[in-house]
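Q: Line by line, the protein sequences give chains Y and U.
First residue of the first sequence? That's 8 in this note's numbering, and the numbers climb one at a time after it.
First residue of the second sequence? That's 12 in this note's numbering, and the numbers climb one at a time after it.
What the hints contain is simulated information worked out from the structure, not anything from laboratory work.
Do not rely on the hints blindly, as some may be mistaken.
[What the hints assert, rightly or not] Partner residues aside, some chain U positions facing chain Y, computed with beta carbon under 7 angstroms: (1) Arg178; (2) Ala179; (3) Phe221; (4) Gly275; (5) Ser277; (6) Asn316.
[Stated by the list, open to error] With the Cβ distance kept under 10 angstroms, some of the chain Y side facing chain U (calculated, not the full set): (7) Pro119; (8) Lys226; (9) Asp227.
Glycine included, each C-beta is placed from N, C-alpha and C at the ideal position.
Residue strings, one per chain:
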Amino acid sequence: MKSNRHLVFLTTIGAVAALSLSACAAPSGDGSVGEPDEFNLTFIQGLAGEEFYITMQCGVEAEANKLGVNVNTQGAAKWDSTLQKPLVDSVVASKPDAILIAPNDVTAMRAPLQAAADAGIKVILVDTTVEDPSFATAEISSDNTGGGLAGFDAIKELNPDGGKVLIIGTDPGVSTTDARIAGFEEAVKADDSFEYLGVQWSRNDPAEAAKLVNAALAKDPDIVGIFAININAAEGSATGVRQAGKEGSVNVVSFDAGAAQVQALRDGIIQALVAQQPALIGSEGVAAAVSALKGESVEKKTQTGFQVLTLDNIDTTGQDYIYKSSC
Amino acid sequence: MTQSNVTTSVNTETSNQRNALTRLASIQSLQIALVLLVIFLVFSLLAPTIFPQWSNLRQIVQNVAILAVLGIGMTFVIITAGIDLSVGSVLVFSGVVSAKAMQALGSQGWGTALVGVIVAIGVGLLWGLLNGFLVAKAKVPALIVTLGTLGAALGLAQVITNGVDIRAVPKELSDTVGYGNVWGTTIPLITLIALILVVIFAVVLHKTKFGLHTYAIGSSEEAARRVGVKVDRHLIAVYALSGGLAGFGGILSLSQFGTTAIAGQSQTNLNVIAAVVIGGTSIFGGVGTIFGTMLGLFIPAVLQNGFVIVGLQPFWQQVAVGTVLVAAVFVDQRRRNAATRGASAKAKNSLTALWSKKQ
């Protein structure tokens, strides 16, 4: 009995110590050693393990390699500002030269990032932004309003006669998706042949999006188009359309171009994808950080473009725009 | 007269039993404290210029503050052999109602802020009372009741706001409670507030009749009832406490994040429950300390911070915390088995043995 308890205690300590030690073993290979003027960057993803941010990470790492700077990638497992804030605080404590971050909330992440800038760290906002980002060295994102417009144009091309359209969003208060919705709304309201049914919030959860689409199709069986605002909303929307047996009669146009979306495009469940250029956002971010650290002038705001992917171009010119699940 | 006799006998009976048990519980607190110390030392060795600095530790204690407030209520609830899954949602709901109230009053000024605090605590209390009533009077298992209010509170928060976060928080609150320091120091004010609550409720739990009855109900609800503890009323009070503290957490969260963060707090309930259990509170009730819960909160917080600083993916934190959690419950199980076999004397010897070996 007593030796058992003793054993558990020691094992616990041992396990923690071993984990911690393995923790130190990993980064020391590409970390600490280096010239004195070598820059250390930290890239904080909006969400760990999502293809959009993985593709961005690929762009970040490729550019960092090219410019000879160190980069460390971090990300919370959920899109949740209450999880991202402690992460940012810890990164700031580790005193990197620059932080590239996709903030989870325009209000909640402002103060922690302001604190980072006050501590002398260059803050580069990639993808999403915050309220009053004057402290940031640079902002690089897709022209999301334009992306919303592009999404509407794609739906219009598929449904020239008009009809009911719905947006499946993620969460309100995310700067990028809010802009996409604003762009789409602007376009849909200017066109009398379309009836706009509003936004349903899927909380960035595909299962939730599928349920919402099912319910919306039950209420309005004559929906002709769904604009899904990101990967998770699109995966869920495609599932929902399929569950309702509406493939073909409902055109789903999705923002982003992850593997599942491309597959859905090939299967005919999604009809068009509005692909962003996350790798370009990442590499531009690193370039801006390094320029700023070297004291060179930096473009304060950069917007990247889109590529609309359909079955016609997915295997040719559109190929390079498909997001990656590993670098 | 009979009432007072009965109470005295409960006191002696449970305190005898409790002496042995608290002593054992304190061993687990001690073990957890040592685990925390080891983690701390390892990271201090790995990153001596960053990790042990006050600037870093300051942000750890700041980020743990809201969870600590929730952890107090959760410790009480789990000691009664209950569970409260709804804390994160109640926090969000209270924050939403409070933000609505402050918005109606013009969103600025100390008066508005005070109203916001009172509304948040009040709303949280109401959810807690509902939980308590359903658990104690309607006899619905706590897991189900609070799973229900978890969904209901979050859903209603979304109904009230249409899912759009309210960002109108008085500047007075965010500048002081949210990011301010105790006057003349660099200690975060939010940490001091949490610490005061922790001390108050640690005294309530360990030194008052209310606390004693909480342990008694957790050890054996039936026995507590037979010796005259008003079990139903007490359970309602314990869940109301948890709800009220979650409501207060709502105003703290508003101050810190400047938004109702409706999509946030998704893992809060599980993080708090894990901390309580790691801290040596038995999930089967009757045993536990507030101090242990605080230690239990710092393990994940320090691990995450340390992993980020040494540059490891924070996914590892979840692996490490999971390991510690299961080990903690394993130790608790062992202790319970020993106790039911009447081996508490032997267990005491083993403590001595453990201690002498350590030295």
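Q: Next, verify each hint and record whether it holds.
A: Here is what the structure says about each hint:
no., hint, in the structure
1, Arg178, "holds, 5 angstroms"
2, Ala179, "violated, 10 angstroms"
3, Phe221, "violated, 31 angstroms"
4, Gly275, "holds, 4 angstroms"
5, Ser277, "holds, 6 angstroms"
6, Asn316, "holds, 4 angstroms"
7, Pro119, "holds, 9 angstroms"
8, Lys226, "violated, 18 angstroms"
9, Asp227, "violated, 19 angstroms"
Hints 2, 3, 8 and 9, counting from the list given before, are not met by this structure.
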